[in-house]
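Visitor: Working from the sequences, and respecting the hints, build out all of it.
Heads up: the sequence lines are chains A and B, in that order. Start counting the first sequence at 1; every next residue gets the next number (the working numbering). Start counting the second sequence at 114; every next residue gets the next number (the working numbering).
One thing to keep in mind: the hints can contain errors.
List of simulated lysine to aspartate or glutamate pairs, DMTMM-like, C-alpha gap at most 25 angstroms [stated by the list, open to error]:
| # | chain 1 | residue 1 | chain 2 | residue 2 |
| --- | --- | --- | --- | --- |
| 1 | A | Lys107 | A | Asp93 |
| 2 | A | Lys63 | B | Glu136 |
| 3 | A | Lys63 | B | Glu134 |
| 4 | A | Lys63 | B | Glu139 |
| 5 | B | Lys411 | B | Asp243 |
| 6 | B | Lys177 | A | Asp13 |
| 7 | B | Lys177 | B | Glu136 |
| 8 | A | Lys63 | B | Asp243 |
| 9 | B | Lys177 | A | Glu35 |
| 10 | B | Lys177 | A | Asp93 |
| 11 | A | Lys63 | B | Glu178 |
| 12 | A | Lys63 | B | Glu179 |
| 13 | A | Lys63 | B | Glu174 |
Keep in mind the hints are simulated off the structure, nothing from the lab.
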Amino acid sequence: MPEHAQILPGNLDLLILKAVSLGPLYGYGILLRIEQISHGALLIEQGALYPALFRLVRQGLLKAHWDTSENNRRTKFYELTAAGRKRLREEEDGWNRLVAAIASALKAQPEGT
Amino acid sequence: VNIFSLLRTVVSALFHRSRIENEMEEEMRAHIQDRADALERSGLPRAEAERRARLEFGGYEKFKEEIREAEGTHFFETLIQDLRFGLRTLRKSPGFTAIAVLTLALGIGANTAIFTIANGLMLHTLAVRDPGQLVELLHHYPGEPEPGFNGFSWDAYQTIRDGNHVFSDLIVGSIKFFTVSADELKPQTVFGGDVGGTFFQALGVPAAAGRLIGPEDVHTGDHAPVAVVSWSFWKSRFDLDPGIIGKNIVVGDAPVTIIGVTQRGFYGLSREAQQDVWLPISLGPSPGWGFGLLARLKPGVSIEQARAEMAVLFQTVVNAPEAGPFVKEMKLRIEPAGDGVVTPVRQMLSTPLTVLMATVGLLLLLACANLAGLLLARGASRQHEMAVRVCLGAGRTRLLRQVLAESLLLSLLGCALGIFLAYFAAHALIRVFASGRFILGAPVHFEALTNPDAHVLLFTLAIALLTGLLCGAAPAVSASKTEPASALQQASHIGASKSRRLFGKGVVASQVALSLVLMSSAALFVEYLWHLRNRNLGFVRSELLLVTLDFGQSGYDAAQFSRLSQELVTRLDAIPGVSSATFSDMSPMLGPGASSFAFAEGHPEKQTQASINYVAPDYFETYGTPFLAGRDFSVRDQAGSSVAIINEAAARDCFGNEDPIGRHITLSHITMTKGEKTFEVVGVVGNAKYNDLQQPAPPTIYPYLFQQSFIGSQLAVRTRIDPGVIASAVRQTEAAVLKAVPIVRIMTMTDQIDSSIVPQRLIAMLSASFGALAVLLAVIGLYGLLAYTVAGRTHEIGVRMALGAAGTDVMRLVLRDTLWMVCAGLVFGAPLALWGRRIAASIIPDLPVGSPLPFLVAAVTMIAVGLIAAYLPTRRAMRVDPVVALRHE
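Guide: Written out as structure tokens, the structure is:
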């Protein structure tokens, strides 16, 4: 079992956007999708998903509608809006730049060894 | 922002909350069920699976709370919490709360009182069609106070009506007051007007009953045959009796038939002079300059265009061949009339209201600064509490909001008390207004000016909220910056923060600056009033009783008047305490009297504009105006040729250095008469003010009253004792001699002078009380703040004293600091005060702005106030035992 990494509050939004970008999903489905695409490496507090979803809808990055899930339960389905797609691209770029920069910084060797 | 739409948002958010919450719950429940399904599939029993799913989900309520917060309704819940908590803390320190609320109530109340009157007077549109298009035509002579009179000749009306391209309607209508009576109605004075045939149709006012005055009602007789009354008159006097149409009432002394009632809500041309009775105009043989003119601008025509065209057109009017020399000097003005025409009330009050609005605005700012200072000082002593709350997990925004909620609460309490105070203040003010000449005795609707309406309440609420935010901002920010660790450690070391101390000093300086502005303007206006009241008038104002008589119903002719008035004067003279009595056509400061152009014998090329007053013998003795040459009138003059006495200014203007006694003077174009009259000058008297305290005494001609064909209705009684004591004896004697002549009013000369300067008195009185209030607020504010800064330095003072500083050194140190703050305030306040004076001088002519006295008085007062406010806390600090102060650490 891979070691779990705690995610930072801001990163949850990015993960949700990414998960939903692959197709409309409901809350529990998003959780499963994140687990799947991160190969189970990320641990998410399940309840925290909902305030984040609510916020993203408020910001116009996601839109929601009521439908029935494959488990035959009525629940809300979320999908990306155009603004959400754009934000996702920006966040991905930003994240990649940050990771690359930190990675190169960590690769540096102490001088004179 | 519309307060109602805001309220709607709040209410709908509160109601929709249940829907949003239900959805949230359903969604989260589905999630937990999904998870439980998955756990069940992995082998757990259902009950255990559900328990685990719920556990994994985490704090259900916490997430709901987070969502609510994101949604915004949370704000109002915590606001209510904050307010409740605020109320509790305020109740715990009643002294602070009382001072803060009172400070704000005074500031807000003063603003509300003045705004109530300004709102009632100027911010109401007339109940007519398209009031914004209405303009009023006014004329005035150069040098006369603006805005002038609304009275034009019929010729002027026709010239303007036929020659203009800017008005869609030219409307004849003015405001007068009438005495109205009927069988079931006691005689009463109401406002009304003489209106042209198109008045109601052009204003767009329909009839509620009967028909309104039309072009066919314009008549040529002395008395109008028909009248229209207002709906409120119909309601209040006739109880909406449908039989009112065709009913006869008496207006003035002539019977008229009521033909109609105007639409409900229409009150004529002015809110404070609400009209109840309208008569059609008369185009009799000599209609004179009695037609008030209003006009409706054509759509798309601006008032500027109308002014430009009318300036040209009016030249045709004043240059008409039959126009007299007065008319040629007339200037025309056009003013918007959508919110009512110019009335004496409005003319009297608009300047004071402008000045007072500015003054109360400053007062409110001062109250704000004051409260900001107090809250800051209080905040310092609550640092420990704030630190504890931060440690216990209170968010910074939450602390900020908590402090703001407290200041808002204070301002709302102040607002409530302020509205209460304002109600009484507005009524007290109205009593002063009502004593003004021209409106004394008129049925002015003062309640229209004092009743606060929705505008006023919204205004007050808005300034209260603004005040709360303004004075709460600094303390709130400072509270939210609380650093728990350091604050807890140094809880005793209050007020140490440098920025906070600087802010405190800034607040002190700004209070001093604002108080300086208020005080110096108050001193300026008081000095102005003092000058006005103590001007040399040319007559003796004290111990002079003025009686206005109404000869209208008596039927006396001039001969009877002459005989009876002399009998009355003789009998009055016999009353103990009376030294002399006299009759005249006018009394000084009563209002504008007759005037004319005077030509001196031998100087036909020189014409002097002169005021006229017809006087009886002993007039000058009664008023205390000295004779410079010649003699007084005597009974023997009655049979002889026309004689007159002139004043020094008239003698100089007409005769130069020549001796005027025995020479003749000719008057032409005397107001309200035609033709010329020649008088022999028998005496010269000193100059005396005629109608205006501010203007120099005009050249004045006093023809002999008993040689005229009319009656002089002003009786003056000079007394040796308090004139008020004599009044009842005068009344009895008058009633005995002139049985059919009622007394309209009795007042002392001093009161009559005061009634001519109501605007100036108002400004002086109110700005003086606001100035005093400013000093009081400054004392409270400075004391509070200095107490706080000195308390903050207790430790420092302790160290200094431990190191050998004497008490006087410490005292000097603190006082020097205070002086610095006060002086900084004075330096900032001085240009503001000077600027304020310049503005005041541009609104009020004649203001003694050159005098440095008001300024000095204000500056010295502020320094004294500052030192006194600093002395008490310093003395307390000096008594501190150094050991105790140091042990605080």
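Visitor: Between Lys177 of chain B and Asp13 of chain A, does the CA-CA distance stay at or below 25 angstroms?
Guide: Cα-Cα ~18 angstroms, so holds.
Visitor: Measure nothing beyond the straight line between the CA atoms of Lys107 of chain A and Asp93 of chain A; if it is 25 angstroms or shorter, mark the hint as holding.
Guide: holds (21 angstroms)
Visitor: When you check the alpha-carbon spacing of Lys63 of chain A and Asp243 of chain B, does it fall within 25 angstroms?
Guide: violated (49 angstroms)
Visitor: For the pair supplied as a hint, Lys177 of chain B and Glu136 of chain B, confirm whether the alpha-carbon distance does not exceed 25 angstroms.
Guide: With a Cα-Cα distance of about 11 angstroms, the restraint between Lys177 of chain B and Glu136 of chain B holds, given a limit of 25 angstroms.
Visitor: Given the hinted pair Lys63 of chain A and Glu139 of chain B, is their alpha-carbon gap at most 25 angstroms?
Guide: With Cα atoms ~18 angstroms apart, Lys63 of chain A and Glu139 of chain B stay inside 25 angstroms; holds.
Visitor: Can the restraint linking Lys63 of chain A and Glu179 of chain B be considered satisfied, given a maximum Cα separation of 25 angstroms?
Guide: holds (19 angstroms)
Visitor: Given the hinted pair Lys63 of chain A and Glu136 of chain B, is their alpha-carbon gap at most 25 angstroms?
Guide: holds (15 angstroms)
Visitor: Would you check the hint for Lys411 of chain B and Asp243 of chain B, treating anything up to 25 angstroms between C-alpha atoms as holding?
Guide: This hinted pair holds, its Cα atoms lying about 11 angstroms apart.
Visitor: Check the hint pairing Lys63 of chain A with Glu134 of chain B against an upper bound of 25 angstroms on the C-alpha distance.
Guide: holds (18 angstroms)
Visitor: Checking one constraint from the list: CA of Lys63 of chain A to CA of Glu178 of chain B, max 25 angstroms. Satisfied?
Guide: holds (21 angstroms)
Visitor: Within 25 angstroms, alpha carbon to alpha carbon, are Lys63 of chain A and Glu174 of chain B?
Guide: At roughly 24 angstroms apart (the allowed maximum being 25 angstroms), Glu174 of chain B and Lys63 of chain A satisfy the hint.
Visitor: Holds or violated: are the alpha carbons of Lys177 of chain B and Glu35 of chain A at most 25 angstroms from each other?
Guide: holds (24 angstroms)
The structure fails hints 8, 10 (numbered hints given earlier, in ascending order).
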